[in-house]
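Protein chains in written order, with our numbering: chain A, 1 to 112; chain B, 1 to 109.
If you're looking for bench data, these hints aren't it; they were derived computationally from the structure. There is no bait here: all hints are sound.
BS3-like, lysine-lysine: derived pairs with alpha carbons at most 27 Å apart:
| hint | chain 1 | residue 1 | chain 2 | residue 2 |
| --- | --- | --- | --- | --- |
| 1 | B | LYS67 | B | LYS37 |
| 2 | B | LYS41 | A | LYS9 |
| 3 | A | LYS57 | B | LYS37 |
| 4 | A | LYS9 | A | LYS71 |
| 5 | A | LYS70 | A | LYS57 |
| 6 | B | LYS3 | B | LYS68 |
| 7 | B | LYS41 | A | LYS71 |
| 8 | B | LYS41 | A | LYS70 |
| 9 | B | LYS37 | B | LYS3 |
| 10 | B | LYS40 | B | LYS3 |
| 11 | A | LYS83 | A | LYS14 |
| 12 | B | LYS37 | A | LYS9 |
| 13 | B | LYS3 | B | LYS57 |
| 14 | B | LYS67 | B | LYS57 |
| 15 | B | LYS67 | B | LYS3 |
| 16 | B | LYS57 | B | LYS68 |
| 17 | B | LYS37 | B | LYS56 |
| 18 | B | LYS68 | B | LYS56 |
| 19 | A | LYS70 | A | LYS9 |
| 20 | B | LYS57 | B | LYS37 |
| 21 | B | LYS40 | A | LYS9 |
| 22 | A | LYS83 | B | LYS3 |
| 23 | A | LYS71 | A | LYS57 |
| 24 | B | LYS3 | A | LYS57 |
| 25 | A | LYS57 | A | LYS83 |
| 26 | A | LYS57 | B | LYS41 |
| 27 | B | LYS56 | B | LYS3 |
| 28 | A | LYS14 | A | LYS57 |
| 29 | A | LYS14 | B | LYS41 |
| 30 | B | LYS68 | B | LYS37 |
| 31 | A | LYS9 | A | LYS83 |
| 32 | B | LYS40 | B | LYS57 |
| 33 | B | LYS41 | A | LYS83 |
Values in this document were obtained by computation on a predicted structure and should not be read as measured data.
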Amino acid sequence: DGGITQSPKYLFRKEGQNVTLSCEQNLNHDAMYWYRQDPGQGLRLIYYSQIVNDFQKGDIAEGYSVSREKKESFPLTVTSAQKNPTAFYLCASSETAYNEQFFGPGTRLTVL
Amino acid sequence: EDKVVQSPLSLVVHEGDTVTLNCSYEVTNFRSLLWYKQEKKAPTFLFMLTSSGIEKKSGRLSSILDKKELFSILNITATQTGDSAVYLCAVRAGNQFYFGTGTSLTVIP
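If we strip away everything but chain A, and leave its shape as in the complex, we get (with noise of 0.2 Å):
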């Protein structure tokens, strides 16, 4: 059963504390991404890894961070410098750069 499956899907954390959101695909996809959706704004990207090993920042990427070792993986660590963390964060993925983006079902993070 090929999906995007994020992780967990409510995240509850105190301020000043990092969290870490999963992000998994099994669809082969070489580019996977990170975007953040608040209420009356469209997603923001936060970052995007066209390959394994590599990212880039995309227009939000202050107080977040995030790995690819393995191109099924590509989890998002919100830090404590993010100044407004709390928000719904979706993962998508695509087959290249070239390609639509499939998305998870979204974690909603919220800090206390």
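Given chain A's structure and the hints, the job is docking chain B onto it.
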């Protein structure tokens, strides 16, 4: 600054109506324009457009791109309650994707 603007922000129609959603963009190094439907959580892919004037069709949905005027439209004919969702437009510019804020469509019986 690259940007994607969708209109209207929201729309309420009756079942059976036809709707047209708009997406205009200003980006450098345009590669493609994509439409997604977002119902609860994950956006699902509808269309990818790269060439002007060629309509893409899937059932009651169709879309077309005008690269000269920098916009795209998404048409939905004979709307059903299951079409209620947020419709997102995204533009690939270089290696990045830029999303509009979406159009929220509500179809009432």
